Structures are given as C-alpha cells and as structure tokens.
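Novice: The listed protein sequences derive, respectively, from chains A and B.
If you read the first sequence in our numbering, its first letter stands for residue 1, the second for the next number, and so on.
If you read the second sequence in our numbering, its first letter stands for residue 1, the second for the next number, and so on.
Treat the hints with caution; some may be incorrect.
Here are the simulated DSS-like cross-link-like pairs (lysine-lysine), alpha carbons at most 27 Å apart as the crow flies [said to hold, decoys possible]:
(1) A:Lys91 with B:Lys221
(2) B:Lys129 with B:Lys221
(3) A:Lys23 with B:Lys320
(4) B:Lys129 with A:Lys199
(5) A:Lys91 with A:Lys34
(6) A:Lys34 with B:Lys221
(7) A:Lys87 with B:Lys221
(8) A:Lys91 with A:Lys199
(9) A:Lys87 with A:Lys34
(10) A:Lys34 with A:Lys199
What the hints contain is simulated information worked out from the structure, not anything from laboratory work.
Keep in mind the model is a prediction, meaning the values are calculated, not measured.
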Amino acid sequence: MTAPLLEVTDLATHFHTRAGVVKAVDGVSFSLRKGEVMGLVGESGSGKSVTGFSLLGLIDPPGRIASGSVRLGGQELVGMPGAHLRKLRGKRMAMVFQDPATTLNPVIAIGAQMRMALEAHGVTGTEQTRERSVQVLTRVGIPDAARRLEAYPHEFSGGMRQRVAIAIALLHNPELLIADEPTTALDVSIQAQILAEMKSLVAELGMALIWISHDLATVSSLADRIAVMYAGRIVEAGPTAAVLRNPRHHYTQGLLDSLPARAEPGHDLVQIPGTTPSLLSLPPGCAFAPRCPRADAACGVMPELLTEGARQHRCWHPLGLEVAA
Amino acid sequence: MLGHVIERVAQALLVMLVMSMLVFTGVYAIGNPIDVLIGPDVSQQMRLDTIRAYGLDRPLWEQYVTFLTRILQGDFGRSFVFGLPVLDLILSRLPATLELTLMAVCGAALIGVPAGIYAGYRPDGVLAKVIMAVSILGFSVPTFWIGLVLIMTFAVELQWLPAGGRGETATLLGVQWSFLTANGLSHLLLPALNLAFFKLALLTRLARAGTREVMLTDTVKFARAAGLSEWTVLRRHVLRLIAIPIVTVFGLEFASTLAFAVVTETIFSWPGIGKLIIDSIQSLDRPVMVAYLMLVAFVFITINFLVDLTYLALDPRLRKARA
Ligand SMILES: Nc1ncnc2c1ncn2[C@@H]1O[C@H](COP(=O)(O)OP(=O)(O)OP(=O)(O)O)[C@@H](O)[C@H]1O
Ligand code: SF4
Ligand SMILES: [Mg+2]
C-alpha cells in the first residue's frame, strides 16, 4: 500500500460574513492515491468549489481555512507561507474552472497566457515556452496549435476554450488536477468529448483527478471513487460502483432517484423535497434531516463518519445496513 | 482598419465645420468689437472706415464664408489687441500650457493608477484607507483653494518653490520649454501639482474600483491557480483589464485641462493659453476667441481619436468588431 498523494483531514473553511460565519466546508476528510480519480458530488452550495480552492490555498478573505490538514506528497499545505504555496500551484497541483469564457483573460493572446504560466515556474525563453505550449495544446485536441498561439480567447469556441484552460493547467504535468465542473457550461456533445479526453489524459499522465460535479451520471463514467457532499460535509464516500448500486446515505439515494436514466418509464423524475439548507443556520444534527424520509429523533445528533471497508457514510440509519426493527 | 480611420477623419472634419459655424455666430453675438479697435474719440467717418476695413458691415453669412476661406488657408486673422497673427500668438502660448498639462496628467496617472490598484488589491489595509481619504479630499476641495494653499505653504512659508511665472526656459524644436531647466522645473511643480490633484483623485478611484472588480473574477483566480505571483497577476492581468476606462478618462482630462487650465494659470501667473483666452474675452478680441475655440475642438477630436485607437490596441474583441 503506497502512501497517498493527497491526504485531507478534517478540513474546515469558514467565511466570516456580516450575516455570520458561513461554514462552507466543515470537517472534510479524504485521501487520493497517485493516478486515482475521485468524483466530488453535491448540490449547488454544498461546498465543492470551496473544497477545491482550499486545497490550492486560494481562499480569499473573508474566508479562511479554520482548521484541518492538507498534505500533498506528505507535505503540509495548510499554514504554508504564500510564496511556497505559489510554487506548488500550477506545478504540482492545478485547477480548471467551470466557465472557460471567464477564466481566460479576454485581452491577452492565449500563447502569452500560456507563457506566463510557464514562466511562473521557471520555464523561460521564447522557443522553449512556444514548444511546450504547442505540445500541450495539441495533446488536448487543439488543431493547428502553433498557429493558434496568437489567437485570443474569443476566437475559440466554448469547448476549445475549455481545452486551452485545461492545457494551461497541464503545462507542468501536475500530479493533482482539480476540475471544477469543467463541462457544465458546454454543449452535451462537447461534454462527452472532453470527458473522454480527460479519461485518456489521466491514464496517460498518471495524474490524480478530483472531478467536481453536481451530476452523478457524469462522475460515474469517470471516477474510481465518489464522495458525496452535503452542506459542507462529506456524507458518503466509496468506490463508484458500490455507491451507485447500494447507496448508504439517504441524500445519495435522493440524487440517484433524480437521475433521468433511473426514472421508471411513465413516472416523473423524483426530486429531493425541500431545498439546500442555509449554511448560516444548520440544524445541530444531520443537516439532511429536514428533507430526509427516514429522519427520526436520533438524527438530531450529528452522526459520525463511519467506515465499513472501503466505504464511509455519515448516517444514523444507513440504507441497506439497518436491521429491520 | 484603414476604412475606420478614413471614416473617423471625415467625421472629424464635419465636426470641425459645425464647430466653426457655432463658434463664429456665438462670438458674433456677444458684442461689437469695434469699440475695442478704436478709441471713443475718433470721427464717425473713421469709425465707418474701420468697420468696412474689417468687413464688419457685411452680412453674417458673408463674414463667415470669408472667415472660413481664410482659415482653410491657415490664416486666422490678427489679434485686435496685440496686432499679431492669431496663430502665432496662440502657438507662442501653447507650449506653456502643454507642458503644464502633460506634467499634471501624466503625474496623476503615474501616481494615481498604482495607488488605486493597491487600494483595490488590499481594500482593508491602512494605506488603502489613507489613499482613499486623500482622494476624497481631491474631489471635494476646489482647485483655486488648493492652489492658494500650495502657494502659502511652499512659496510663502517654506519658500521652497517659486509662486508664479515660468522661470528659465530652454529651446527645443524652436520652442521655449520650462521643464528643460532646473529653475523652470521648480516653477512648473506647484501649478502642475495643483492641476493634478483632482485628476489624481479621479484616476485613483477609477483604478481602485476596476481592481476590486477584477480581483474577484475567475480570470484572476485561474491565474493564481496556475501559480502566477501576485505581482504578475496585477501587472499583466489586472492592469490590462482595467485599462480602458482609465485611458478614456486620461484622454478627456488631458483635453479639458489643455483647454481650461485657466484657474491654475491665473493663480500661478502661468503665461499659457488659459490666460490668453480670459484676456481676449475681456477685451472682446474676437479673432483670438474664435481661433482658440477652434483649437479646443481640434484637441478634443484628436484626443478622442487617439483614445479610440488605444481601445483597439487594448481589446482584441473591438479589433475584430471593427475589422
Ligand atoms: N466569498 C464567500 N463569502 C461568503 N460565502 C461564500 C464565499 N464563497 C463561497 N461561499 C459560500 O460557501 C458555500 C459553498 O460554496 P461553493 O462554491 O463551494 O459551492 P459549490 O458546491 O461549488 O456549488 P456550485 O455547484 O454552485 O458550484 C456557499 O453556500 C457559499 O454561499
Ligand atoms: S442521519 Fe438521519 S436525517 Fe441524516 S440521512 Fe441519515 S436518516 Fe436521514
Ligand atoms: Mg462550484
């Protein structure tokens, strides 16, 4: 058993807003081996992006990492001086975002943007930066890359723009890539293409990938493991097949029931009743209790994250494990 | 691109033509210059002769056509007061105002933009709060008052800097400039500071607002995620993204200061065109007024055009739209 590449323990990221402390991430733990793909799933506002930004140390005030530990290759990142952290960002760990229309700088040619990212980690010189840029652009499927270096983001389609952003993230062959819903803003057919390409890239580069999505279906085709987030906590984690086939947490079950592919013919999609709770006023126990069909008095106390083999769940009445009373 | 330039030049010519009509009729309406030209004690005959000599008895449209024809030949007439060709008169005063304006506007930009970027980058810092407080002062205190305070402080009390005049000048390209000599520069400093104050406040606030907005965008977050240093993010990304409104205001401020530096020029007895125009209005020196207003229109049009060209250089999306 090799040591994990990434080890996140009890990570908590809070935003100190006027209305109160928003516990966007509250006690998240997981680990990731080299080359492993983890899907991070949850509804909007559950804290997926904040988790990703926390790993990179990109939390701006009023937010801050309140506690916990993030270790990359054994090295502690929480509390590391900004200048050291910067040297890891883009080099050993990288991130791509949801909307390629806003991530790339609209007024700088993509070749120049790639060059900046290369120079940030000591790769300099016109020839060298050019060569590496063309190489990576070609790898992510930009045709005629050498000629496209002078082009500006608006001259690319949405899918191509996202490929450019992915290329920038891959310039230094990072060990860890965090992809924050990188296909959500794209057409369905482009989504499938990029998903397939990501799969082959991960296999080829031996890179660990955290694929953030609110869509279980997208994640299931890609991820080795799935972690489900709800209101800043991981409520269930485990190997993809196991989680999809036998979900433990009632929220995961709800997400599965709302997948179009699972709908019984002739029946409407089942939506989870209620809405995501406000992070400012979470109930003391299980945050899902107000929406959970199985909730009872016990759920008023926060359930611990329990481990069973390769799986974990945070529920008093886990599906498929309860002894019929 | 070339088509765009030609279109802009045609527009500019049209605007100048309209301006010339407005200016000519406007100035015509404000008074009879004949009393300036000759004393009250001359004979009636002489008065009529003078009116005829200057063509003041002709109908308005005819005077305008004559005026326009002359302008097109580069002849703006002679100043009633100084007896000199108007063009020479204005050109002899223009460098003084030009160097004053350039120093004020460029100084304001060189200090205000970095200060504003800093204040937007660290909005909660002490220095940012100081910068913003100073900028509020720059907005709310009138120019003439700041000018007087500057003179009282630096010229009268401390006696570090002279209170007025251009000081020694040196010749460059056949024109006299103050900024080329140490003495001239010391004369230039206070009036330039006075003029710069408002612009400094304006550019600081503009840069700060832009920076605050841009810092929150995914573009900056993505650049940081790629490992760019904060300095590179500010210099290469933020500065580029906030540049367009700054260039716009810079251009407008430059043009309006060049045209209307009159308060500062009066306080510091700076012999620029601002003083010239005030004097010419007082003495109803019609040719000077007309030529001056035409010059102002020309300056605004030219600067707008340059600002527009800068947009194209700054934003590739506009280049595409105009191609
Ligand atoms: N700068 C901030 N200030 C205050 N609260 C914040 C800030 N950034 C994020 N949050 C809060 O953190 C919570 C989690 O946000 P996050 O962006 O991680 O959600 P997400 O799971 O990525 O959702 P989505 O699917 O919409 O991207 C949200 O409720 C949000 O209100
Ligand atoms: S702990 Fe209780 S409320 Fe929460 S998911 Fe489990 S059964 Fe539902
Ligand atoms: Mg998100």
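Novice: Regarding the pair Lys91 (chain A) and Lys221 (chain B), is the alpha-carbon distance no greater than 27 Å?
Specialist: holds (15 Å)
Novice: Is the Cα-Cα distance between Lys91 (chain A) and Lys199 (chain A) 27 Å or less?
Specialist: holds (20 Å)
Novice: Given the hint that Lys129 (chain B) pairs with Lys221 (chain B), does the C-alpha gap stay at or below 27 Å?
Specialist: holds (25 Å)
Novice: Does Lys199 (chain A) sit within 27 Å of Lys129 (chain B), going by the straight-line distance between their CA atoms?
Specialist: At roughly 50 Å apart (the allowed maximum being 27 Å), Lys199 (chain A) and Lys129 (chain B) break the hint.
Novice: Can you confirm whether the C-alpha distance between Lys34 (chain A) and Lys221 (chain B) stays at or below 27 Å?
Specialist: holds (25 Å)
Novice: Tell me if the straight-line CA distance from Lys34 (chain A) to Lys199 (chain A) falls inside 27 Å.
Specialist: Holds, because 15 Å separates the two Cα atoms, which is no more than 27 Å.
Novice: Are the Cα positions of Lys23 (chain A) and Lys320 (chain B) separated by 27 Å at most?
Specialist: Not OK: Lys23 (chain A) and Lys320 (chain B) at ~45 Å, beyond 27 Å, violated.
Novice: Please work out if Lys87 (chain A) and Lys34 (chain A) have their alpha carbons no farther apart than 27 Å.
Specialist: holds (20 Å)
Novice: Are Lys91 (chain A) and Lys34 (chain A) close enough, with their CA atoms no more than 27 Å apart?
Specialist: holds (15 Å)
Novice: If you draw a straight line from the CA of Lys87 (chain A) to the CA of Lys221 (chain B), is it 27 Å or shorter?
Specialist: holds (15 Å)
Hints 3 and 4 from the earlier list are contradicted by this structure; the remaining hints agree with it.
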